[in-house]
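A.B. asks: Letter by letter, the chains look like this.
There are 2 protein chains.
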Amino acid sequence: MTDIPSAIDAYLQSNLNDYIQTTMRLCAQPSVSATGEGVGACAQLLAGELRQHHFQVQLCPTAGQPVILAHAQGASDRTMLFYNHYDVQPPEPLELWTTPPYAPTLRDGNLYARGAADDKGEIVARLAALDAVRAARHGELPCSITFVIEGEEETSSPHLGQVLREHQAELAAQAGIWEAGGLDSEGQAVVTLGLRGVLGVELSVKVMDRDAHSGQGHLLPNAAWRLVWALNGLKGPDQRIRIPGFYDHAKPPTPRERDLLLALPPRDELYRRNLGVKTFVREGAGAELNVAVFEPAATINGLTAGYQGPGEKTVIPARASAKLDFRLVPDQDPADILAKLRAHLDAQGFADVEIEERGSTPPAKTSAEEPFVTMVARTAAEVYGRPSLLDPIAGGSGPMHMFFEALGPVPIVFTGIQYWNNRAHSPDEHFRLQDFASGARYIARIVENFASMV
Amino acid sequence: MTDIPSAIDAYLQSNLNDYIQTTMRLCAQPSVSATGEGVGACAQLLAGELRQHHFQVQLCPTAGQPVILAHAQGASDRTMLFYNHYDVQPPEPLELWTTPPYAPTLRDGNLYARGAADDKGEIVARLAALDAVRAARHGELPCSITFVIEGEEETSSPHLGQVLREHQAELAAQAGIWEAGGLDSEGQAVVTLGLRGVLGVELSVKVMDRDAHSGQGHLLPNAAWRLVWALNGLKGPDQRIRIPGFYDHAKPPTPRERDLLLALPPRDELYRRNLGVKTFVREGAGAELNVAVFEPAATINGLTAGYQGPGEKTVIPARASAKLDFRLVPDQDPADILAKLRAHLDAQGFADVEIEERGSTPPAKTSAEEPFVTMVARTAAEVYGRPSLLDPIAGGSGPMHMFFEALGPVPIVFTGIQYWNNRAHSPDEHFRLQDFASGARYIARIVENFASMV
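Protein sequence lines correspond, in order, to chains H and W. Numbering (this note's numbering) for the first sequence: 1 to 454. Numbering (this note's numbering) for the second sequence: 1 to 454.
In case anyone wonders, no lab produced these hints; they're calculated from the structure. Here the structure is a predicted model, which means the values were calculated and not measured.
Identical chains blur together in the list; that is why a pair holds if it fits in one copy or across any two.
Under the rule of at most 35 Å between Cα atoms (straight-line distance), these lysine-lysine pairs were calculated in the DSBU-like manner:
id: 1; residue 1: 251; residue 2: 278
id: 2; residue 1: 251; residue 2: 206
id: 3; residue 1: 340; residue 2: 313
id: 4; residue 1: 340; residue 2: 251
id: 5; residue 1: 365; residue 2: 278
id: 6; residue 1: 340; residue 2: 365
id: 7; residue 1: 251; residue 2: 313
Modelling step: build the complete structure from the supplied sequences, incorporating the hints.
C.D. replies: As structure tokens, this is what we get:
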């Protein structure tokens with residue numbers, strides 16, 4: 001087996017351009033789950049690509065967009081699962097794109113398009129890796145591969161769980177690779193092991209049937225003030241969330257997880273330089289700020305009340321609302337937090353503040369002690385010259401818990417073709433061709449090493 | 001002089017339709033100061049009407065819209081001043097008008113049009129009253145009359161003060177009638193004597209160069225939270241304004257003013273019925289709530305931050321802002337309150353919250369003890385069957401103080417053709433023809449009685 005890695009690398013080097021062309025075809029097809037634009041057509045296009053790459057493909061219909069299940073049989077009885085998505089974020093604002101979002105363009109060694117990095121390039125890099133493994137093994141995969149590729153990741157995966165439950169038997173696997181991953185701001189490979197949970201809510205309050213003239217502000221109720229006071233009761237300037245019991249089930253990082261976080265590059269200078277941040281939410285600096293990801297967060301995403309146009313309009317707002325998300329850590333439960341939020345608002349005299357749940361996801365993570373994780377980290381050395389760093393949990397959220405529910409506690413890790421500035425969700429989204437190639441080389445080696453694990 | 005009131009009434013009865021036609025001509029001409037639409041043309045149209053009604057007219061140019069000064073000489077050396085405005089609020093939302101805003105329409109005994117009640121109908125009712133007085137006196141006015149009619153009342157009168165100062169000598173008068181007034185919710189004539197002041201501000205805070213992903217909410221600063229905390233520091237759920245020194249110069253009502261407020265109809269039931277209000281800002285009920293107008297108020301007019309569209313977008317807002325107005329009572333001073341607001345935000349740790357002043361006006365009022373006020377109240381009995389009630393100060397604001405600065409402390413009162421539901425500033429703005437007629441009869445008698453005051 002000594003020459004298999006060389007054969008993998010040779011195949012990828014020779015055929016890279018074909019896979020970039022495939023990525024460009026997929027990116028030229030819009031697939032905006034928020035609006036529905038092109039999503040069905042993209043599912044068909046991708047299903048065709050998967051079939052050409054020797055996968056048996058099912059398009060599983062849902063009340064929303066279809067979920068693609070694709071399976072390829074391998075030599076061993078082990079199966080690796082890949083989770084990806086074929087939908088993209090809306091491309092707006094269009095005027096900030098250097099080239100149009102659905103006209104994939106190669107420039108300066110990068111491929112620019114909506115969906116290039118998130119997540120179509122990742123899908124194709126994985127196909128490239130698997131084709132390279134087959135090529136090195138005379139057409140045979142050393143283990144089975146299952147892709148789960150949904151079309152609603154950007155709208156909180158409302159129908160994925162149902163498909164995973166219905167196809168549970170077909171999905172059995174011993175490890176999984178999450179949709180994306182890649183290099184940190186210092187160019188080192190990082191393998192992420194989990195996601196925080198999220199509880200999204202909209203708080204709204206209505207105090208009158210319509211806005212009134214502010215000349216009666218001494219007498220008439222004001223929805224904006226009530227919203228301000230209700231929000232102030234949720235979190236004060238000390239950043240501590242004031243909902244009783246909110247922190248009850250929040251587990252701190254293990255000593256190993258803490259060490260892993262401290263070994264990751266600090267982000268504070270990056271945020272200062274790229275976002276113009278002057279003051280962070282908590283004291284401290286450098287890598288010690290990385291540990292704060294294990295503290296749950298309450299974020300106001302938006303505020304709306306009354307008159308917001310130019311100049312002044314002396315109204316008393318009849319309605320006011322705020323969108324918030326709570327990022328939850330293991331072992332917090334979104335339903336428990338929602339109940340505590342309601343009870344707290346009631347207890348504080350804000351029974352009139354309505355809560356609309358906007359989607360929730362529990363936290364989920366893989367233990368850093370898993371042998372699969374150790375193997376994945378070590379394997380990076382063959383591609384990147386040193387083992388991957390491990391990130392115990394990312395700040396964001398996703399449907400990882402659904403896979404644990406369907407597959408049981410298999411290890412799932414994040415790796416892929418990303419780097420810190422690929423502008424996913426933003427204009428000029430792109431990946432670097434060099435990262436596509438090295439990401440594919442890494443995935444191919446992970447598959448090889450996974451197949452031979454005892 | 002016994003038959004002069006009868007002659008006035010006879011003239012108005014015979015000629016009412018002509019004045020309604022004049023009002024309709026003026027209302028058919030848009031004059032939206034917020035956008036500038038038609039304002040100059042309306043000034044010309046109105047100047048022509050005033051000349052036809054025997055006034056000497058000056059159009060005083062300003063950096064904004066012209067101020068019309070119109071003068072008619074009378075028999076005595078006394079002068080009454082009328083303050084009015086020819087601009088209107090924007091007519092939007094157009095779809096809520098039963099007939100188009102600039103197609104004045106008579107329906108059910110009312111005249112519907114943008115500007116009908118606020119303030120073009122008032123201007124024409126005054127011209128009708130003065131013509132009636134002339135007709136009853138063989139063409140002579142018993143006192144001189146000066147109109148000051150501006151074109152920027154709906155945008156906080158930014159250029160009126162300058163014109164008043166420049167023309168101070170021509171404006172000498174012994175009493176004034178403010179732009180509008182009329183009947184309360186029980187159909188009784190009410191003469192208002194003053195206006196609260198206002199300080200309008202926009203508070204804004206920026207914590208980053210652009211919105212960030214809320215997965216970093218445990219680390220990155222959030223402009224919406226900072227705004228919430230800054231606002232909460234200005235007023236808490238007890239409705240007490242927390243700015244140190246805010247109430248220092250706020251004078252309570254005199255015992256007479258308190259009695260006058262208690263004699264006005266209660267508004268709470270009206271607000272419950274028409275606005276769906278369930279809870280008022282302060283305890284109490286009925287007429288005792290009227291007294292609260294002497295308590296200054298802080299009103300959030302609008303809140304803006306982050307994502308406000310449908311669904312969810314998990315962002316951390318980089319910027320947030322709030323529009324507020326403070327309604328001020330005698331003897332509060334907007335500049336003093338602005339300085340205290342800045343000092344308070346700084347002291348509370350919110351030096352990063354910027355304040356943009358959005359226009360301010362000091363409070364101003366006429367004493368209820370003025371002989372002119374007593375005369376005006378008594379005169380109502382001749383038209384409405386009982387004396388006017390007196391309202392010491394309205395909740396709103398306006399440029400009344402500018403007239404006190406220019407004219408000295410002459411009594412200024414509010415009376416006109418309004419009733420409680422004329423929907424000024426709203427779709428289907430209108431006045432009732434019966435109120436136009438009785439309002440004109442009342443003004444004519446006030447002019448008569450004023451001319452003969454010693």
